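Asker: Spelled out from the first residue to the last, the chains are:
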Amino acid sequence: MSDLNSAMTERYHNSFLREVEANVEEGEWVKMCMQCGVCAGSCPLGNAWEHTPQKLFMMIRAGKREAVLSSDSMWMCTSCYNCIARCPRGLPITHIMHGLAHYAKRLGLAPKNQPTAQFSQIFWDNLMKKGRVNELKLGLSVYFKDGFGQGIKNALANKQLGQNMMKAKRMNAMEFFGGHSIKDTSGLQKMIKKAQEIEDAKIQGNS
Amino acid sequence: MAKKEVSYYPGCSSQTGASSSNMMRATQTMCDELDIQLNEIPDWNCCGASIGYGSGGELPRLTLSARNIALSEQHNPGQEIVATCAACWLSTREAKERLHEDANMFRDANTALNEINLKLNNQTPVRHMVEVLVEDIGFEAIKAKIKKPLQGLKIASYVGCQTNRPFGIAEESFENPVYLDHLIESVGADSIPTYEKKVQCCGGALAFSEPEKSQEMIHGIIEAAYDHGADLIATPCPLCQANVEIYQDQINARFGSKFNMPVVYYSQLMSVAFGRNSKDSALDGQIIRAKSLEDIAGK
Ligand code: SF4
Ligand code: SF4
Ligand code: SF4
Ligand code: SF4
Chain A
1 MSDLNSAMTE RYHNSFLREV EANVEEGEWV KMCMQCGVCA GSCPLGNAWE HTPQKLFMMI
61 RAGKREAVLS SDSMWMCTSC YNCIARCPRG LPITHIMHGL AHYAKRLGLA PKNQPTAQFS
121 QIFWDNLMKK GRVNELKLGL SVYFKDGFGQ GIKNALANKQ LGQNMMKAKR MNAMEFFGGH
181 SIKDTSGLQK MIKKAQEIED AKIQGNS
Chain B
208 MAKKEVSYYP GCSSQTGASS SNMMRATQTM CDELDIQLNE IPDWNCCGAS IGYGSGGELP
268 RLTLSARNIA LSEQHNPGQE IVATCAACWL STREAKERLH EDANMFRDAN TALNEINLKL
328 NNQTPVRHMV EVLVEDIGFE AIKAKIKKPL QGLKIASYVG CQTNRPFGIA EESFENPVYL
388 DHLIESVGAD SIPTYEKKVQ CCGGALAFSE PEKSQEMIHG IIEAAYDHGA DLIATPCPLC
448 QANVEIYQDQ INARFGSKFN MPVVYYSQLM SVAFGRNSKD SALDGQIIRA KSLEDIAGK
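Keeping their order, the protein sequence lines are chains A and B. Note that the working numbering has the first sequence beginning at 1, numbered continuously upward. Note that the working numbering has the second sequence beginning at 208, numbered continuously upward.
What the hints contain is simulated information worked out from the structure, not anything from laboratory work. Misleading hints may appear alongside valid ones.
Stated by the list, open to error - FRET-style restraints, in silico, Cβ to Cβ: (1) Asn311/B - Leu4/A: 17 to 25 Å; (2) Lys112/A - Ala351/B: 57 to 65 Å; (3) Ser181/A - Lys486/B: 53 to 61 Å.
Fair warning: this is a prediction, and the values are worked out from it, not measured in the lab. Beta carbons are placed, not taken as given, at the ideal position from N, Cα and C, and that holds for glycine.
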């Protein structure tokens with residue numbers, strides 16, 4: 001168990017709802033859910049979700065901490081905003097799903113091999129290097145995330161796609177060497193580091 | 208028409224050699240014709256897209272967009288920020304609103320910005336290009352510019368998610384927005400008012416991380432267009448465009464379909480209808496060629 005996770009368990013031992021309200025993005029909205037079920041039918045990949053948003057909100061109130069934070073459901077959120085457009089109580093459901101996923105990851109409870117969880121990390125690391133996303137390296141990192149052998153297989157399976165994109169000048173092999181960048185990368189990194197420190201301190205302070 | 212100047216946020220995928228560089232070219236052409244001047248935000252950074260949440264966290268993510276807004280306020284004062292990428296628009300507008308509602312978050316974002324001597328006032332509207340077209344320019348003015356109507360073309364309007372939800376275009380419904388149909392009709396083509404996949408999600412970033420699940424949805428989006436006899440699919444969103452166009456080979460292999468459906472941007476339709484050539488309209492950026500548009504552009 002990560003230190004932060006045990007500290008949080010200790011601090012909020014009686015109320016997972018309070019823990020979510022204090023630490024999860026838009027978590028203070030969870031108690032407003034009236035369990036109508038509209039959101040449960042809204043997720044495009046809903047068939048693959050073990051726990052719909054409605055269910056997750058119920059589980060939070062029931063104190064099912066482990067089950068919620070280790071669920072892979074919220075990682076399959078496509079950010080389609082169907083739920084927000086429809087929820088009669090106005091819950092910012094998309095952001096709560098993102099917030100739960102992020103908090104689970106912070107505590108080390110997110111499922112390890114969930115592909116979108118891995119992708120979101122790769123994406124963030126990619127953009128932090130140059131301040132802009134390098135699509136070529138992003139693609140390669142995803143293909144190679146499960147090791148070299150699998151990477152070659154994935155790259156070959158998508159070879160035609162890559163060639164098509166290059167022919168249409170919508171992918172550039174030269175991006176591998178350097179590529180697009182903002183000018184002030186070090187400033188951007190400094191700024192984000194500061195933002196992370198502030199956010200970490202807020203959550204540590206809560207623990 | 209007087210020249211309109213906007214502070215333009217192109218986004219990563221619009222850069223030269225990136226996946227929606229074709230959209231960038233057609234946007235530039237469309238704006239030249241409509242007398243809209245795009246003043247790029249100097250040294251803009253990636254907004255983190257929707258998928259940035261996993262590692263990013265709330266404040267770092269909001270701060271990314273805060274930097275862009277602050278740069279815009281500093282260098283392009285008094286100009287509205289306009290984005291063409293749905294996710295860029297959404298992230299930036301969401302950040303603006305969240306920082307407006309939450310005074311602590313606003314203070315914290317400014318503390319982070321202060322590291323690089325930037326300051327966010329947060330007084331700048333954040334708009335989508337489509338809002339500029341619909342609300343400021345207007346369908347009538349667009350019609351008046353048409354030199355080559357796209358007569359006889361049947362075009363399915365695929366609006367997708369994030370251009371439509373949660374903010375959407377003023378006075379449009381979430382379940383059936385009609386501005387793209389109106390744009391299609393304004394350039395002289397036929398829209399398909401009953402196209403039922405108009406706001407169906409394509410999977411977004413998950414088309415990359417969960418291809419099997421996403422391609423099933425994309426399959427449905429294209430199949431419905433064929434069912435209605437569409438010649439083309441048109442969309443405002445760069446990720447929608449890429450997702451629906453570039454995986455058609457893989458989808459055909461997976462589902463035994465024979466799809467070969469061109470997917471274009473509204474800005475490409477307008478560029479062609481305004482009389483510009485294939486190159487200015489970025490038709491050479493198609494993976495699946497839009498022959499019917501090339502023919503009109505070549506006339
Ligand atoms: S739609 Fe809103 S109120 Fe209904 S179950 Fe979902 S979150 Fe709760
Ligand atoms: S935004 Fe996420 S939670 Fe909401 S309906 Fe879409 S997939 Fe489901
Ligand atoms: S949403 Fe896409 S294009 Fe826009 S800045 Fe982010 S990664 Fe770049
Ligand atoms: S349709 Fe797809 S790409 Fe377009 S906004 Fe929705 S999720 Fe994003």
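Asker: Determine for every hint whether it applies to the structure shown.
Answerer: Right, here's what the structure says about each hint:
In this structure the supplied range 17 to 25 Å holds for Asn311/B paired with Leu4/A, their Cβ-Cβ distance being about 21 Å. Hint check: Lys112/A to Ala351/B, Cβ distance near 58 Å, so the stated range 57 to 65 Å holds. For Ser181/A and Lys486/B, the hinted distance range of 53 to 61 Å is not satisfied, since their beta carbons lie about 27 Å from each other.
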